[in-house]
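Asker: Chains as they are written, first to last, in UniProt numbering: chain A, 1 to 306; chain B, 1 to 554.
Hints may be right or wrong, so weigh each one.
[Stated by the list, open to error] Ranges of calculated distance between the beta carbons of each label pair, as one might list FRET restraints:
id	chain 1	residue 1	chain 2	residue 2	range
1	B	E437	A	W29	18 to 26 Å
2	A	L273	B	R391	29 to 37 Å
3	A	S33	B	R113	42 to 50 Å
4	B	A369	A	W131	53 to 61 Å
5	A	V116	B	G520	37 to 45 Å
6	A	W131	B	A205	53 to 61 Å
7	A	W131	B	Y154	51 to 59 Å
8	A	S33	B	S159	45 to 53 Å
9	B	Y154	A	T157	31 to 39 Å
Simulated from the structure, these hints should not be mistaken for lab results.
Since the structure is predicted, the reported quantities are computational estimates derived from the model, not experimental observations.
A virtual CB, placed ideally from N, CA and C, is assigned to each residue, including glycine.
Here is how the chains run, residue by residue.
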Amino acid sequence: MSDEGVSLKTLSPRALAWQRRGRAAAAAWREFSSSKSGLVGLGVLVLAVLLALLAPVLSNEDGLDVTKATGGRMRPPDGNFWLGTDVDGRSILLLTWWGTRVSLLIGISAALLSVVIGTVIGIIAAHYGRWVSAVLLRIVDFFLVLPSLVLAIALSTVLEPGIGTIIVAIGLTSWPSAARLVRAQTLTVEARPYIERSRALGGGNLHIIVKHVLPAVLPLVFVNATLAVGNAIVAESTLAFLGLGDPFQTSWGGILHNATVDSAALAGAWWYLLPPGVAIGVVVLAFTLCGRALETVLNPRLREPR
Amino acid sequence: MTSTSSTTTPLLELRGLTVRYGGRSGLLAVDGVDLSLRAGETLGLAGESGCGKSTLAMSVLRLLPKSAQIEGEILLDGEDITQMSFGRLRTVRWASASVVFQGAMHALNPVKRIGEQIAEPIRLHGTVPAGHVKSRVRELLEQVELPVARADAYPHELSGGQKQRVMIAMALACEPRLVIADEPTTALDVIVQAQVLALLSRLVADHGIGLIMISHDLSVLGATCARLAVMYAGKLVEEGPSRQVIGEPKHEHTKALAAAFPTIGDPSSRYAPATSSELGLPGAPEPVAEGVEPLLRTDNLRVTFTGRGQTTEAVKGVDLEVYPGEIVALVGQSGSGKTTLARTILGLQKPTSGQVLFEGKALPHSARALRAYRRKVQLVLQDPTSALNPRHTVYEAIAEGLRIHKLPGDERELVAQALEAAELRPPERFMTVLPHELSGGQRQRVVIAGALALAPTLLVADEPVASLDASVRGEILALLLRLRASLGLAALVITHDLGLAWNIADRVAVMYKGELVEVGTVAEVLRDPKHEYTKQLLAALPDGTALPAGEVTA
Numbered sequence: 001m002s003d004e005g006v007s008l009k010t011l012s013p014r015a016l017a018w019q020r021r022g023r024a025a026a027a028a029w030r031e032f033s034s035s036k037s038g039l040v041g042l043g044v045l046v047l048a049v050l051l052a053l054l055a056p057v058l059s060n061e062d063g064l065d066v067t068k069a070t071g072g073r074m075r076p077p078d079g080n081f082w083l084g085t086d087v088d089g090r091s092i093l094l095l096t097w098w099g100t101r102v103s104l105l106i107g108i109s110a111a112l113l114s115v116v117i118g119t120v121i122g123i124i125a126a127h128y129g130r131w132v133s134a135v136l137l138r139i140v141d142f143f144l145v146l147p148s149l150v151l152a153i154a155l156s157t158v159l160e161p162g163i164g165t166i167i168v169a170i171g172l173t174s175w176p177s178a179a180r181l182v183r184a185q186t187l188t189v190e191a192r193p194y195i196e197r198s199r200a201l202g203g204g205n206l207h208i209i210v211k212h213v214l215p216a217v218l219p220l221v222f223v224n225a226t227l228a229v230g231n232a233i234v235a236e237s238t239l240a241f242l243g244l245g246d247p248f249q250t251s252w253g254g255i256l257h258n259a260t261v262d263s264a265a266l267a268g269a270w271w272y273l274l275p276p277g278v279a280i281g282v283v284v285l286a287f288t289l290c291g292r293a294l295e296t297v298l299n300p301r302l303r304e305p306r
Numbered sequence: 001m002t003s004t005s006s007t008t009t010p011l012l013e014l015r016g017l018t019v020r021y022g023g024r025s026g027l028l029a030v031d032g033v034d035l036s037l038r039a040g041e042t043l044g045l046a047g048e049s050g051c052g053k054s055t056l057a058m059s060v061l062r063l064l065p066k067s068a069q070i071e072g073e074i075l076l077d078g079e080d081i082t083q084m085s086f087g088r089l090r091t092v093r094w095a096s097a098s099v100v101f102q103g104a105m106h107a108l109n110p111v112k113r114i115g116e117q118i119a120e121p122i123r124l125h126g127t128v129p130a131g132h133v134k135s136r137v138r139e140l141l142e143q144v145e146l147p148v149a150r151a152d153a154y155p156h157e158l159s160g161g162q163k164q165r166v167m168i169a170m171a172l173a174c175e176p177r178l179v180i181a182d183e184p185t186t187a188l189d190v191i192v193q194a195q196v197l198a199l200l201s202r203l204v205a206d207h208g209i210g211l212i213m214i215s216h217d218l219s220v221l222g223a224t225c226a227r228l229a230v231m232y233a234g235k236l237v238e239e240g241p242s243r244q245v246i247g248e249p250k251h252e253h254t255k256a257l258a259a260a261f262p263t264i265g266d267p268s269s270r271y272a273p274a275t276s277s278e279l280g281l282p283g284a285p286e287p288v289a290e291g292v293e294p295l296l297r298t299d300n301l302r303v304t305f306t307g308r309g310q311t312t313e314a315v316k317g318v319d320l321e322v323y324p325g326e327i328v329a330l331v332g333q334s335g336s337g338k339t340t341l342a343r344t345i346l347g348l349q350k351p352t353s354g355q356v357l358f359e360g361k362a363l364p365h366s367a368r369a370l371r372a373y374r375r376k377v378q379l380v381l382q383d384p385t386s387a388l389n390p391r392h393t394v395y396e397a398i399a400e401g402l403r404i405h406k407l408p409g410d411e412r413e414l415v416a417q418a419l420e421a422a423e424l425r426p427p428e429r430f431m432t433v434l435p436h437e438l439s440g441g442q443r444q445r446v447v448i449a450g451a452l453a454l455a456p457t458l459l460v461a462d463e464p465v466a467s468l469d470a471s472v473r474g475e476i477l478a479l480l481l482r483l484r485a486s487l488g489l490a491a492l493v494i495t496h497d498l499g500l501a502w503n504i505a506d507r508v509a510v511m512y513k514g515e516l517v518e519v520g521t522v523a524e525v526l527r528d529p530k531h532e533y534t535k536q537l538l539a540a541l542p543d544g545t546a547l548p549a550g551e552v553t554a
């Protein structure tokens, strides 16, 4: 503490606060990196995101166009097409690669949407209590008991087809669990005496929510979001598989949909089905591994005794 | 059992006991302690939190976490506990020596009836035939003066004092020859505390049990134990007959402990809490002049809670006045409604009827006006550890109020001033520190600094020193006195501790079951109590902390 005393006079309180946050982040990273599975998950995710972002640079989008396809009809893997071709002669490798873009985009956006809705509703329900909480919780319960896939199918049928629709359909059906979680966490935070102190200092509702509740709830929300992305990707694939996706975008679920329509399984074209399926599995698993590792960072009680 | 009590072997003997946490270089909790206790003897173990007294006591039953390394010998009836096999240890635990744990509310299983919980060790050790377990439980409940019908009650249906009695019954269940009581009365009110202590003393004497009682309060130990041992930083610094240790303490630390709890009626501790600060103490204040308007007044204030078809009247028509620059102590048991009264005064709780007047004006209802009011009346909470957001630095905690009220002036300057006023010096050293890096006393100073930053005229302090160590207690009380002298700050101090009132207050208001039963100057109320309840409170104080009424008047 004494060596810091010198630099204190020169730094603004804001800079000091950031310095402290930096140290906290470094400590969290140390804890995260001690989990092997978390690191593997993170590695896979970084790779997937890089591939998705670099797809237009490293590959030729023309390969996705049915009219410009060069391969034969449903050919098994060979030197030219490492993972074979689909019914229109397009490379499955290229399709799966480009599918990463849509699946990740929808997965992350839908998870963010659901977590944002859940956080806002959860905090409001817990903070204001009484009838606000009663009304909001009934709404949460309503969405919780609806079969979310059926609701998502209904929504994507009614709305214009497209990526936006899918995001909204998934986001609107998966927020209730986040809301419940955030509400519970907010209630525990608000029971702490420092909230009472803040009120006695003159702090209003907004002050308490922004300064005390949000910082305490956000890490949990972050973990929840990471885990929700996996679910959202599965939900997106399901919708696309059922033919409710955007027909003009390549997604993993879309490839599987085509494979079913073209009776790939009957034709014995395993290379048509496996790559998108494995991709879904690997990415979802990576998100789950990351989420679990983050959870351990935040909740020391989950750590294994060393 | 291996042997019956003999005159030669002590019941418990510690030889060079050393306990370390976390490896060779780890924390030394107990450092070479020698101690012995014969059957039927009572020993008080005193010291501040972190001095190793609980570690010492738990080592006797080897109830320490795995990271603890024990060196030296612990002889129970001549048999070394550290060398026992696990099976042997299990037989010895509870049957030869048992523990009354700290905090009875957490040591009982909330989903089991208390009768079953008392029976558990009896069944495990098979000390009585299975058919007689019920009657043994009845006998134990009678011994601790609980109605036998309460065996079917769940812990939450019992009061704090009753739960503590259940803990004592559990400790006695297998007729042990040694009982270790770890802070058995910390969370209890004075009156209940006196009852529990009397019960313990009687049981120990009747059954010839050896008792080790742990506390930070010398007066509590003095009331029950024949001998006292004082621990400091893992070492035994003083040992001797209770009277001698309390009356003529030799070690510096014992002196501090003995001085921390004042003798009510002793003029030398009036306006003089034990402090070693070089800042000294201000003299006795001028009496409040006639005709001055009260700073704060409550007018027939009532607060009623309704819930689950029940209405509870927490505050029943309270008229209380606090004058500028005055320190008023609001004294009462837990559940007497004193915290509800404080919350109502701060506008954190709406009164059912009646009103709070500050500077002659009724408490506003609008959020904006209430905010302005809260600038002038500030709150200091009981437990500074939970009153500070663990994620906020000291700087942020103190600047919070400044930012809410958008006070003019350089924020950094104001924070430094507040830290200075709360005697956290130099202020720069504390700004970047997180609450968990501070000691309990320093944390309470941070809470006080946060309140002072807004330049309030009244401080409402809810048990400001209850969770602090004895030596820190005096320092914080002295700080309140100095703040009153330098800033003219008035304070309403809520406490169950009559010694605190004697130390710093000008007037005392005694609250009982939601009503103020007695209000007057400290000398009037504490030296010449009129109401029956006040008399009970004073009578319940452990011996030696109150001079007989009328002997001395301050």
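Asker: Hints first: check each against the structure and report whether it holds.
Answerer: So, going through the hints one by one against the coordinates:
1. E437(B) - W29(A): 18 to 26 Å: holds (21 Å)
2. L273(A) - R391(B): 29 to 37 Å: Since the Cβ atoms of L273(A) and R391(B) sit about 49 Å apart, the hinted range of 29 to 37 Å is violated.
3. S33(A) - R113(B): 42 to 50 Å: Holds: the Cβ-Cβ distance is about 49 Å, inside 42 to 50 Å.
4. A369(B) - W131(A): 53 to 61 Å: Given range 53 to 61 Å: violated, Cβ gap about 25 Å.
5. V116(A) - G520(B): 37 to 45 Å: Violated, at about 59 Å.
6. W131(A) - A205(B): 53 to 61 Å: holds (59 Å)
7. W131(A) - Y154(B): 51 to 59 Å: violated (32 Å)
8. S33(A) - S159(B): 45 to 53 Å: holds (51 Å)
9. Y154(B) - T157(A): 31 to 39 Å: violated (54 Å)
Comparing the model with each numbered hint stated earlier shows that hints 2, 4, 5, 7, 9 do not hold.
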